[in-house]
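Everything in the sequence shown is counted per the numbering used here, starting at 1 for the first residue and increasing by one.
These are calculated hints, taken from the structure and not from any lab test. Just so it is clear, CB atoms sit at the ideal spot from N, CA and C, and this is done for glycine as well. There are no misleading hints in this set.
No farther apart than 27 Å at their CA atoms in a straight line, the calculated lysine-lysine pairs in the DSSO-like style are these:
(1) Lys75 - Lys110
(2) Lys50 - Lys35
(3) Lys35 - Lys48
(4) Lys35 - Lys126
Pairwise CB distance ranges (calculated):
(5) Lys50 - Arg152: 36 to 44 Å
(6) Lys126 - Gly93: 21 to 29 Å
(7) Ala127 - Leu52: 33 to 41 Å
(8) Arg196 - Thr28: 15 to 23 Å
(9) Leu77 - Thr45: 41 to 49 Å
(10) His206 - Lys48: 29 to 37 Å
(11) Glu47 - Gly99: 21 to 29 Å
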Amino acid sequence: MRILRFEDESGQVHYGLDEGVVQDGVATGHPVLLKGDPYQGLEPTGEKAKVLRLLAPVVPTNILCIGRNYVEHIKELGNVVPEYPILFIKNNGSINHPGAPIRLPKCQLKGPEVDYEGELAVVIGKAAFNVTEEKALDYVLGFTVGNDVSARHWQRHGGGGQWCRGKGFDTFCPLGPSLVTPDEISDPQRLHIQSRLNGEVMQDSHTGRMIHTVAALISFLSQDTT
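All chains should be modelled from the sequences, with the hints used to inform the complete structure.
Structure follows, in structure tokens:
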């Protein structure tokens with residue numbers, strides 16, 4: 001199932017089925033409405049509504065992120081492959097909607113320093129604590145696309161190497177448009193990721209190139225932490 005969250009012409013927020021409704025990030029049809037919520041369960045109502053504005057498919061309470069998890073990105077930055085996953089967080093206020101403007105922070109250290117990073121976003125559906133790698137994917141509610149927007153001078157040494165600062169500004173975490181349930185993705189390590197800027201391909205990678213797999217990361221993040 002591919003789940004949308006959107007605002008209709010009257011301003012009401014709905015969940016709906018993405019059955020070809022979204023093309024290249026733009027909603028062109030009228031999705032079937034879903035009642036309930038993704039965490040407790042959704043059921044089709046048979047009714048439809050026009051999409052006025054696509055919204056982030058979920059609004060998580062915690063946003064845990066992993067840095068330097070692709071070999072080619074590490075080589076691009078001239079860094080060393082880390083022994084352990086590098087954890088950072090984004091503020092809840094960083095969540096942004098598909099196609100919505102990204103606000104450049106006024107406290108930028110040096111000019112236009114904001115960069116993009118297309119990422120696989122994994123949504124956890126239930127409390128996970130000390131989860132084994134073998135059971136980790138059982139906790140996944142769904143998958144979506146994220147843009148790990150970064151203010152590079154804050155992230156790097158010029159700003160004190162503050163990853164959470166450089167990546168946590170408001171609007172710096174666009175998500176969506178669809179939340180894809182695990183029954184449609186048999187293996188999260190076999191997904192293509194591509195980022196385009198004004199139509200030009202800037203990033204073209206594959207989750208099979210991750211250093212730490214999705215299952216390994218879920219297990220790692222759950223150790224002694226719910």
